[in-house]
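Participant: Now for the letters of each chain:
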Amino acid sequence: MATLKDFKGDQPTWCPGCGHFSVMASLQKAASEIGLEPHDMGVVSGIGCSGKISEYTRAYGFHTLHGRSLPIAQGAALGNKDVQIIASGGDGDGYGIGVGHFIHAVRRNVNMTYLVMDNNIYGLTKGQTSPTSQQGFITKSSPKGSVESPVHPLETALANGITFLAQGFSGDIKQLNEIVKAALQHKGFALVNVFSPCVTFNKVNTYDYYKENLVDVSTFTNYDKTDRMNAIKTIREKNGLVTGILFKEDKPTFTDLTKDFPEIAIAKQDLNLDSTILEKIEKQFQ
Amino acid sequence: MRNEIVWKVGGQQGEGIDSTGEIFALALARKGYYIASNKHFASRIKGGYTHYQIRVSTDPVYYHGDYTDILLALDQETIDNNVDVMSENSIILRDGNEESIEVKSRGTVITFPLTKMAEAIGGKIVRNMVSLGASAAFYGLNEDLFDSIIEDRFNKKGDEMVNMNKNAVRAGFAKATEYIDNKNISITPLMKPELETRRSLMIGNEAVGFGALAGGCRFLSAYPITPASEVMEWLKKELPAVGGTVVQAEDEIAGITMAIGAAYSGVRAMTSTSGPGLSLKTEALGLAGISETPIVIMNSQRGGPGTGLPTKFEQSDLNTMINAGHGEIARIVLAPSTVEEAFYMTAQAFNYAEQYQVPVIIAMDLSLSLFIQTVNKLDFNKITINRGKLLSDAEVEKNEERFFLRYGFSEDGISNRSIPGQKGGVHTANSNEHRESGHIDEDPVIRIKMMQKRLGKLAALKDPGFDVLGEKENDVLLVGFGSTIGVIQEAQKELEKSGLKVAHAHIKRLTPFDTSLTDYIVKSKNVFVIENNYTGQLRRLIQMECNTGKELVGINRYDGNPFTLKEILEQINGTLSKEGK
Numbered sequence: 001m002a003t004l005k006d007f008k009g010d011q012p013t014w015c016p017g018c019g020h021f022s023v024m025a026s027l028q029k030a031a032s033e034i035g036l037e038p039h040d041m042g043v044v045s046g047i048g049c050s051g052k053i054s055e056y057t058r059a060y061g062f063h064t065l066h067g068r069s070l071p072i073a074q075g076a077a078l079g080n081k082d083v084q085i086i087a088s089g090g091d092g093d094g095y096g097i098g099v100g101h102f103i104h105a106v107r108r109n110v111n112m113t114y115l116v117m118d119n120n121i122y123g124l125t126k127g128q129t130s131p132t133s134q135q136g137f138i139t140k141s142s143p144k145g146s147v148e149s150p151v152h153p154l155e156t157a158l159a160n161g162i163t164f165l166a167q168g169f170s171g172d173i174k175q176l177n178e179i180v181k182a183a184l185q186h187k188g189f190a191l192v193n194v195f196s197p198c199v200t201f202n203k204v205n206t207y208d209y210y211k212e213n214l215v216d217v218s219t220f221t222n223y224d225k226t227d228r229m230n231a232i233k234t235i236r237e238k239n240g241l242v243t244g245i246l247f248k249e250d251k252p253t254f255t256d257l258t259k260d261f262p263e264i265a266i267a268k269q270d271l272n273l274d275s276t277i278l279e280k281i282e283k284q285f286q
Numbered sequence: 287m288r289n290e291i292v293w294k295v296g297g298q299q300g301e302g303i304d305s306t307g308e309i310f311a312l313a314l315a316r317k318g319y320y321i322a323s324n325k326h327f328a329s330r331i332k333g334g335y336t337h338y339q340i341r342v343s344t345d346p347v348y349y350h351g352d353y354t355d356i357l358l359a360l361d362q363e364t365i366d367n368n369v370d371v372m373s374e375n376s377i378i379l380r381d382g383n384e385e386s387i388e389v390k391s392r393g394t395v396i397t398f399p400l401t402k403m404a405e406a407i408g409g410k411i412v413r414n415m416v417s418l419g420a421s422a423a424f425y426g427l428n429e430d431l432f433d434s435i436i437e438d439r440f441n442k443k444g445d446e447m448v449n450m451n452k453n454a455v456r457a458g459f460a461k462a463t464e465y466i467d468n469k470n471i472s473i474t475p476l477m478k479p480e481l482e483t484r485r486s487l488m489i490g491n492e493a494v495g496f497g498a499l500a501g502g503c504r505f506l507s508a509y510p511i512t513p514a515s516e517v518m519e520w521l522k523k524e525l526p527a528v529g530g531t532v533v534q535a536e537d538e539i540a541g542i543t544m545a546i547g548a549a550y551s552g553v554r555a556m557t558s559t560s561g562p563g564l565s566l567k568t569e570a571l572g573l574a575g576i577s578e579t580p581i582v583i584m585n586s587q588r589g590g591p592g593t594g595l596p597t598k599f600e601q602s603d604l605n606t607m608i609n610a611g612h613g614e615i616a617r618i619v620l621a622p623s624t625v626e627e628a629f630y631m632t633a634q635a636f637n638y639a640e641q642y643q644v645p646v647i648i649a650m651d652l653s654l655s656l657f658i659q660t661v662n663k664l665d666f667n668k669i670t671i672n673r674g675k676l677l678s679d680a681e682v683e684k685n686e687e688r689f690f691l692r693y694g695f696s697e698d699g700i701s702n703r704s705i706p707g708q709k710g711g712v713h714t715a716n717s718n719e720h721r722e723s724g725h726i727d728e729d730p731v732i733r734i735k736m737m738q739k740r741l742g743k744l745a746a747l748k749d750p751g752f753d754v755l756g757e758k759e760n761d762v763l764l765v766g767f768g769s770t771i772g773v774i775q776e777a778q779k780e781l782e783k784s785g786l787k788v789a790h791a792h793i794k795r796l797t798p799f800d801t802s803l804t805d806y807i808v809k810s811k812n813v814f815v816i817e818n819n820y821t822g823q824l825r826r827l828i829q830m831e832c833n834t835g836k837e838l839v840g841i842n843r844y845d846g847n848p849f850t851l852k853e854i855l856e857q858i859n860g861t862l863s864k865e866g867k
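For the record, the sequence lines run as chains A and B.
All letters in the first sequence, in the order written, are residues 1 to 286 by the numbering used here.
All letters in the second sequence, in the order written, are residues 287 to 867 by the numbering used here.
With the rest of the complex left out, here is chain B (with noise of 0.2 Å):
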């Protein structure tokens, strides 16, 4: 019995790759695994080589998994880009005219006629379907592992679709039976779940508007752009039965803008958007500091720079969000590392928003926002709303000036905030230097206090920066930023393996930086920070930040994928054996 297995379809885009991926996923999801993946994909519509890669555990997972144990090869390109991948005793499943089977070093390659099989139940359209019940059998699943997803599918077009497709799984998995029976295929199958629940399934976008949803937010504007669109999409859909609103905005500026908008009207408002979309939004996002108006701009990291690489993998924002803007502004960068944690992070923000009147960012990334993950059993419980001193109407009536001192001095430096529609609150919101009513002011005694009140606010925020599994001493301290938990996760058990003592500390808000991880640093005998940039952008924030003086090892990636295991191994052991370590 085995406890995961690396499942992977891939042919050409507008294959069905990706229902046939999620359809698997799902099945899994179901029945109480857990679910990591990936996609390879092109920025392009139809055609070009894609694929869909599922690890399917029975413990949790955030990383989709250095080889593939099976295959659903659409074409040749597929087997040829992914032999290298292959892991011992993997299975290739091709479509061809003839049945052929094909021991290989590393694994078996079978040819079914898959469209032949799929022809004679219906059509080609259920060729997926005939595969994906032939890896059904591979791994000791059941034959009605797809039926209720099947049902749900396709119950809306009537019982022939629905029976269409469930031959055509049938049929696979018969046909994969026959072989594994008579044809002296090992198989081992996947062991059971420790709990048959079904588990939630998205992606990082859905579960940031999700999280929007759950914490407040009631407008969205924002402008398509890979990969953040599903955010805008998800909500559209969803917000306006919670008495909400979703604009496609003509442009990124006025996607920030018309949410800047809204919250100054009192609503919970965000943006949702990538690189090339920060950048333009850049100077509204000073103005949402010096104006004071909460807002959430969920960034979600692709390749750059300028349109760089649209549907590849990077973390080359992190500079970029926590400085972008000309002049100075407190703001704060929540980065979640699993879809899960994006849900909880997002509904976060709001309230950070709100309570400290400042622009949060959510650093996403394109892997975290688009590739599915199982998500546990969500505690609604711990969301809370906490809208700060935004005051109530009858609070704000008690105000008998002219103006409402939308500015205030105070203690913490955060003033009390009156919305339009509120008698008593009048007030001007400025991007301009103001006064405590907002209107301008240049005055130096004024400059200095308005300063120190807005970079001063998040002094309060005192909330751990950083999750660390391990303890303050190690041989090794590995540190990362966003869905690279996974792989780094995977790391750090395989260097204790062979005997090292070994930290890892995922950064979780990038500003404020939370500084308690210089102590890590100082007593870790060698930090390898892993990331996904040319440049080393979390290296040399901790640089500045803990500033040890110690030297901290750079693992960077910046190629559009995702890091491997192997190679994390690879480049630790490399430097460690160098220092003789």
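For reference, chain A alone in the conformation it holds in the complex (with noise of 0.2 Å):
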């Protein structure tokens, strides 16, 4: 069985105290706990100091474009299903450049997880606004202050039918590793936002301003967080900063749904097809 080591990649350059490394951590301990192997798994990752997550971990890994690691992972994980695949990338990849994506991802239901390194700001570009950033948000790009209200990631994926959706912290490493271990377990597409602070350019959404605001749901008297309503009601009145698995949902998937879709995985077909198969195909045409 695959040990912690085993899923350790190319060395990380990150900058030191990144939130980026408990994320990838967090990752690389759940898929070791629950029993997956590097050779199982596939981490497919957009482009930021995010996208660096798939070089750093060793499975397969695609590092692929800006903003399109959500349509290069679906078609992954529909290509061959026992495969466990994880997108990744940051606040810009993912709800900025990337966000048609991820509304049709959410709503497409593909087994697989999404995990959001959210920092409230281009990184590796050199601290620029980003769509997550708070309205007067200070950047080289927004010298005056951010004047556009921010994108809702969570309530987006709450409103277009997301079978699961959670929300940690690069601070809380513990409750980070079960959140994400739960969802890697999730039958369904599976949102994990994380917010990681950027040490370098974000001055304003630090580790301490999250440890001071977060909140754990599981500290809730009677949360119930199979209840879509009530989850988009506490985010809301949360404003955004609440953590823990916020929504939990049974549902048919993508590959469920699809009823001719085929039951050995795609990358496994034999491509070779009997001449009789192509033959009364051909008599469609006459």
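If you're looking for bench data, these hints aren't it; they were derived computationally from the structure.
Misleading hints may appear alongside valid ones.
Which chain A residues stay away from chain B? Per the calculated CB distances, all over 10 Å, these [to be verified]:
1. Glu33
2. Pro143
3. Ser146
4. Val151
5. Leu214
6. Val215
7. Leu241
What the simulated footprint calls covered on chain B by chain A, stretch by stretch (three residues with Cβ under 8 Å from a Cβ of chain A suffice, anywhere in the stretch; the number is not a length) [claimed, not checked]:
8. 472-486
9. 498-508
10. 520-530
11. 540-549
12. 638-646
13. 776-790
Below, in silico cross-link-like pairs of lysine to aspartate or glutamate (EDC-like), each with a Cα-Cα straight-line distance of 16 Å or less [stated by the list, open to error]:
14. B:Lys709 to A:Asp82
15. B:Lys523 to A:Glu282
16. B:Lys663 to A:Glu279
17. A:Lys5 to B:Glu687
18. B:Lys663 to A:Glu282
19. B:Lys735 to B:Asp698
20. B:Lys668 to A:Glu282
21. B:Lys739 to B:Asp753
22. B:Lys758 to B:Asp805
23. B:Lys522 to A:Asp260
24. A:Lys280 to B:Glu524
25. A:Lys268 to B:Asp679
26. B:Lys523 to A:Asp260
27. A:Lys283 to B:Glu524
28. B:Lys709 to A:Asp40
29. B:Lys390 to B:Asp366
30. A:Lys283 to B:Glu853
31. A:Lys259 to B:Glu524
32. A:Lys283 to B:Asp665
33. B:Lys709 to A:Glu37
Note that beta-carbon positions come from the ideal geometry of N, C-alpha and C, so glycine has one too.
Taking the hints as your guide, dock the two standalone chains into a single complex.
Facilitator: Here you go:
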């Protein structure tokens, strides 16, 4: 059985103290704990600091394009449903340039996990305002403060029918590990949004900021994580600053609902067809 | 006796023009005739003038013809639009309250009470069947010509429906026969084809779908777009039965990137699109190139740019197909010219994609994609599956290193490939420049070696890139690509009749370009490059690739419609006479 060490990939180059270290560690730990082998796992990442996770994790990786990790990951998940697929990226990648895919991935409900490292800033391009930056956020691209209101990925996901939604924080690796494990084990599209501070460029959304403001829904009395409306309400009331498993629902996935979806993984199908099959198709044109 | 007829039905969109044309074409294909066709239609659902032109011949044809021999006109607009393209001794059959016959300079206009006749039999819905019956009689065909199709289409709806349609055909047939016998309409019957066999009739998009299926494609993701959607629709129906699936993507970018994801997982995958979609897919095309992920992209060209002419014919994506994308990648662009070729080339595209680990584009065009042609009995033995350096589970498992060298350097530049799930094959596929294991590496030495590896891979591709009919030394060399093959073949024959020595080279692979065409260009007195775009994209490509310094004469049309034979001949003869040759 694979151990945590087996999932260690290339040498990370993230800044010391970067929140992404915890996110990656929780993924690697969760993978080893649920008995995955590196070769049964595919990490498809977008572009940005977060996108490097497919370099630093030892698994089948695909470091792709900015904003396109989700459709590529869905293609890979549908191509071989026996492989555990994790898409990963940052707030700019997933909620900015790739947000169109995000909504559709949610409603398509392919069996996979989407791990977002949300640091409210564009890091790799050296500090510009991101889609999750708060109004008034000051960067080189918004020197007088950002005027746009931030996106609400959690509520968007819930509104579009997400079947597993969780939020974690790089400063609480124990909780994060549990969340990621549950996401990997969920049947359907699971979103884990992680507040993962950028220690170099974001002086607002820091570890201390999150420690002060985040609340864990498991501390609420009678929080019902199967209640979609309550999840939306809670997130709204807490201005998105909640952690834990916020919503979970058991629903048929895309492949369950696609009645003629092949039983055997598509990547394992024999491609050579008997000519009688082709001749039968040819007849429909006559 | 005649060996061909050009038949046309015209009216407003939504009046059953398409189904009437399809029934006519299929009936004749079932008798063993060859069919080429063309449709005129607008980007709307109901209303707007539309026509369906079908050329029926005892010999193979790939051009729908300049002139119409019989026109079924459902309205006056159809007559107005076609009066100039009617052949000598042609027939225009129109619907009217009273019967009449009027002999005009080029042919005869016959009015039948088609609607009334249809209503007497069962309703206006069989009006087109009445006219089909009449058109069969005018060419000496039998009244049972459409019976098998009527049975196939209406058996489920019961005998009454079948009989109603058959009766409608017979009523039209009887009425036309009465005119032939009593009103001195001279008819020239259509000869019987040499071989009475059922020929397949398909549009290019179906042939691409079928070729993909036969060639091992098991995943298609695409976004609806004219004139490409039929590939998705056909495969949606057929792929599951052979262990595949089709996903309608949320946009063009998802269309290609999902296919890249599926290909990465080890599936033969494709996407289908048209020009605007190809523009959107460009960045992902580069991803497929640098990550060496084999995918197939069908691009059916339509009138551009922007939204352009969505339902019109143009060949103006050539530059985009061979060049699109920032940076430099190796790619293969195949250009089928007939529906039959679209089948075989698409199947082969998947071999090329995996053997060379490159994206392969199938360059279709609107005419080839949408207009039915007969296809000879397909030879499925020609279809082989060659997955190149994709290793088996056992081979991958032999790797004892921590990372599999997915981008390992090799003599031919092509690396061994492992796919997710294979033990021992763990690596990172990468859009960033990378080292042999796939991990990011910006070292200049690695960069140079990787560039040479990727861009040198196609040096081994030596398959012929064009088909040629004729010798190397010519008075006239005609060059084209795509669906213009039929009209150019006919231009060649016509020019030969005037004593010229003519060859026709049709480009089948746009990149890597087969520069052995140079010989033909150098040895021919006049070279004409015939293409449907303004800037002469093929002509300029040939000038660049063959670099002969010789002037190539461009014959270009970019009004959204295919060339006529007449205009090609006029332009060639005009040039030749100007030069006094």
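Participant: Given the hint that Lys663 of chain B pairs with Glu282 of chain A, does the C-alpha gap stay at or below 16 Å?
Facilitator: holds (9 Å)
Participant: Please check whether the stretch 498-508 of chain B has three or more residues whose CB lies within less than 8 Å of a CB on chain A.
Facilitator: holds (count 6)
Participant: Next pair to validate is Lys709 of chain B with Asp40 of chain A; report whether the Cα-Cα distance is within 16 Å.
Facilitator: holds (8 Å)
Participant: Is it correct that the beta-carbon of Val215 of chain A has no partner in chain B closer than or equal to 10 Å?
Facilitator: Check passes; 34 Å lies beyond 10 Å.
Participant: Can you confirm whether the C-alpha distance between Lys758 of chain B and Asp805 of chain B stays at or below 16 Å?
Facilitator: This hinted pair holds, its Cα atoms lying about 7 Å apart.
Participant: Quickly compare the C-alpha distance for Lys522 of chain B and Asp260 of chain A to 16 Å and report which way the hint goes.
Facilitator: holds (10 Å)
Participant: Is Lys283 of chain A within 16 Å of Asp665 of chain B, Cα to Cα?
Facilitator: Holds - the C-alpha atoms of Asp665 of chain B and Lys283 of chain A are around 13 Å apart, at most 16 Å.
Participant: Against chain B, does Pro143 of chain A keep a CB gap of more than 10 Å to every residue?
Facilitator: Holds, since 30 Å exceeds 10 Å.
Participant: Next pair to validate is Lys268 of chain A with Asp679 of chain B; report whether the Cα-Cα distance is within 16 Å.
Facilitator: holds (11 Å)
Participant: For the pair we were handed, Lys5 of chain A and Glu687 of chain B, check the Cα-Cα distance against 16 Å.
Facilitator: Given pair Lys5 of chain A, Glu687 of chain B holds - Cα atoms ~15 Å apart, limit 16 Å.
Participant: Would the non-interface assignment of Ser146 of chain A survive a Cβ cutoff of 10 Å against chain B?
Facilitator: The claim holds: Ser146 of chain A sits with its nearest Cβ about 26 Å from chain B, beyond 10 Å.
Participant: Does Lys523 of chain B pair with Asp260 of chain A here, judged by a C-alpha cut-off of 16 Å?
Facilitator: Since the Cα atoms of Lys523 of chain B and Asp260 of chain A sit roughly 10 Å apart, the hinted pair holds (cutoff 16 Å).
Violation of the numbered hints given earlier is confined to hints 12, 13, 21 and 30; the remaining hints are satisfied by the structure.
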